[in-house]
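Anchor point for the sequence shown: position 96 equals 88 in this note's numbering, and the numbering is continuous, going up by one each time.
Calculated directly from the structure, the hints in this document are not laboratory data. You may find that some hints are simply not true.
To be verified - The calculated DMTMM-like cross-link candidates involving lysine to aspartate or glutamate, where the alpha carbons are at most 20 Å apart (straight line), are:
hint, residue 1, residue 2
1, K437, E375
2, K388, D273
3, K388, D350
As the list claims (entries may be wrong) - Beta-carbon label-pair distances, calculated as ranges:
hint, residue 1, residue 2, range
4, D580, E416, 26 to 34 Å
5, D580, L347, 32 to 40 Å
6, I376, G99, 44 to 52 Å
7, P313, V137, 32 to 40 Å
8, T587, D528, 26 to 34 Å
9, E266, D116, 31 to 39 Å
10, T587, R366, 35 to 43 Å
The C-beta atom is built at its ideal place from N, Cα and C for all residues, glycine as well.
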Amino acid sequence: MLAARAAAARAHAGYWPLARSTSLRGITGNFQRRRSRGLDHSNSLWVANCAMDGAQNSSATTQVRQTIALTPDEEELFSLLLAAARRHGLNTTIRCAGGWVRDKLLGGESSDIDIALDDMLGKDFAEKVNEYMCEKGKEVAGVGVIKSNPSQSKHLETATMKVNGIWIDLVNLRSESYADSSRIPEMEFGTPAQDALRRDLTINALFYNANTKQVEDFTGSGLQDLRAGIIRTPLDPLTTFMDDPLRVLRAVRFAARLGFKVDDALCTAARSEEVRRALEDKVSRERIGVEVQGMLRGPRPVFAMKLLHSLGLHATVFCTPPDLAPVAENLAAKSIATLEAVLEVDGAVGTSGALSEDARRVMMLSAVLCSLRRITVGRGKKEISLHTFLIKESLKLRGKDAEQVEAVLQQSTEVLRVLQRIHEPSGGTDERVRSDLGLCIRRSKDVWPVVMRVAPVLLLDEAEPVPGSDQLEDDAETRQLVRRHLADKVAPGASVSWKWNAQPGLDSTATPGDDLERLSAAMSRASQDLLRAVDDFGLEGCASWRPLLDGGAVMRTLGMRSGGPALGQAMHAVLEYQLAHPEATAQDAEEFLRTRYQPSA
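Construct the entire structure; sequences and hints are all you get.
What follows is the structure, encoded as structure tokens:
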């Protein structure tokens, strides 16, 4: 009775209860729980199970509002748009569409405001709004127009403008028809129902009518699916995906972001060869890269990568050159294993060492691609690492992203050697460890904290014992448990060359939970040891330290008449000395050089 009254009270207050997953604990502490669950491509219910993992017995609910509560800024924005329409004698109905409506109904806030107009183009209405704002003495900004590109499945021309400090996009409601001789649709003005049915997902096809201040659900399923926590398309999913194949990746991103289940019919369509080829041929790699970044930036990146793998889309997204197809087949499972492990390590570091948004993006890319760091594409001067190829060509991300991931993966290998010296009595003096660690930090620059998180996880790929771990001293045991963990990341029965095989004298039937827990703890401990060493040695800011001696000072000290390789070697020696002796002065560095090098003739 009390529960019923509580539910009634919530409904009266404007909320619907929505049972769904609150988290995927594999991100922050569930490294060992999913050890017995592979990725089953044959059963789309895996998607629902994965989304609910860690929360199946939870009574937690998410509340969904019945009405939308506008902020004061939103109230002012919609009032201004309506006033502009009245001033120009327009009968335009102004609707807010898509993600803003979804997020507001879920009780959140959103700055992604898309305005859908029923009787005019977005750029035409934007000009009317600017005219009205000029009359009222308000600040007016220019109107940007993003042209449609149907050949790349970008069907709508979009106008963008700033109103009262808020950026908005404006489009017209659409309906489409196809000429007999063309697969490119001809855009026409449509009704709200026609437009809603042409959108990607039912939960993104809801409208907020600014004229009536009502939520509109023209698909008849949007509110229901939002309550039930289901990712579904308004039309037959194959039709929706072929209209814009990028929508299959958006479905993955929203399922992972919200922790929602995925409709069986959607999974079936997503696995079709027709959709896969359309994603390859009709969608620009830039748009694919944006979606991947959204998946990795979201709250459940491991789930997103698992879902991509389950739907058979991982190799399409992370597209390798044809001659490396076998590598692509294995990439998904390795990426999932390393991504999950890196997030485990990052979670163990805690909020005190939280990464910046840019560094976190580099960490996620490094984790997903680190198993490829020894593979190259091209020849001669055009030879580049495969992970650089994927970042720059398959995902079309920034060149800086590729450079930083390259630095992380190169220096992670070096940092493992430093970690070995930290734990071994014969590994070297404090000065040697401090110098080597400082050099790694300087080479990786702004992303050195990422290196300290990724380096221990290379052990998943290397199958080496964690330096300093008295629990993982046996190489064979370590190799066994690592490969067993990797094997759990692929579908049962999959033929994978690196899948664990039983070794003589080892129990091939043992549940690896304890082993994986130990491995996870050892990797986290290794990362913490590295970060502690950086702090103890005072190396946090060493990436920006100025050399004690510049090139001219080095040449004068050693009596050099010209530069060249010898000067470079001497300057590197000064840097190593400075890192090993942070209290040293320029005079100390000069004395070091004189002692180490004979003056040149």
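Structure-based check of all given hints:
1. K437 / E375: violated (24 Å)
2. K388 / D273: Since the Cα atoms of K388 and D273 sit roughly 15 Å apart, the hinted pair holds (cutoff 20 Å).
3. K388 / D350: holds (17 Å)
4. D580 / E416: 26 to 34 Å: About 29 Å separates the Cβ atoms of D580 and E416, which means 26 to 34 Å holds.
5. D580 / L347: 32 to 40 Å: holds (35 Å)
6. I376 / G99: 44 to 52 Å: For G99 against I376, whose Cβ atoms are near 46 Å apart, the range 44 to 52 Å holds.
7. P313 / V137: 32 to 40 Å: holds (37 Å)
8. T587 / D528: 26 to 34 Å: holds (27 Å)
9. E266 / D116: 31 to 39 Å: holds (37 Å)
10. T587 / R366: 35 to 43 Å: Between T587 and R366, where Cβ atoms are some 39 Å apart, the hint holds.
Checked against the numbered hints given earlier, the structure breaks only hint 1 and satisfies all the rest.
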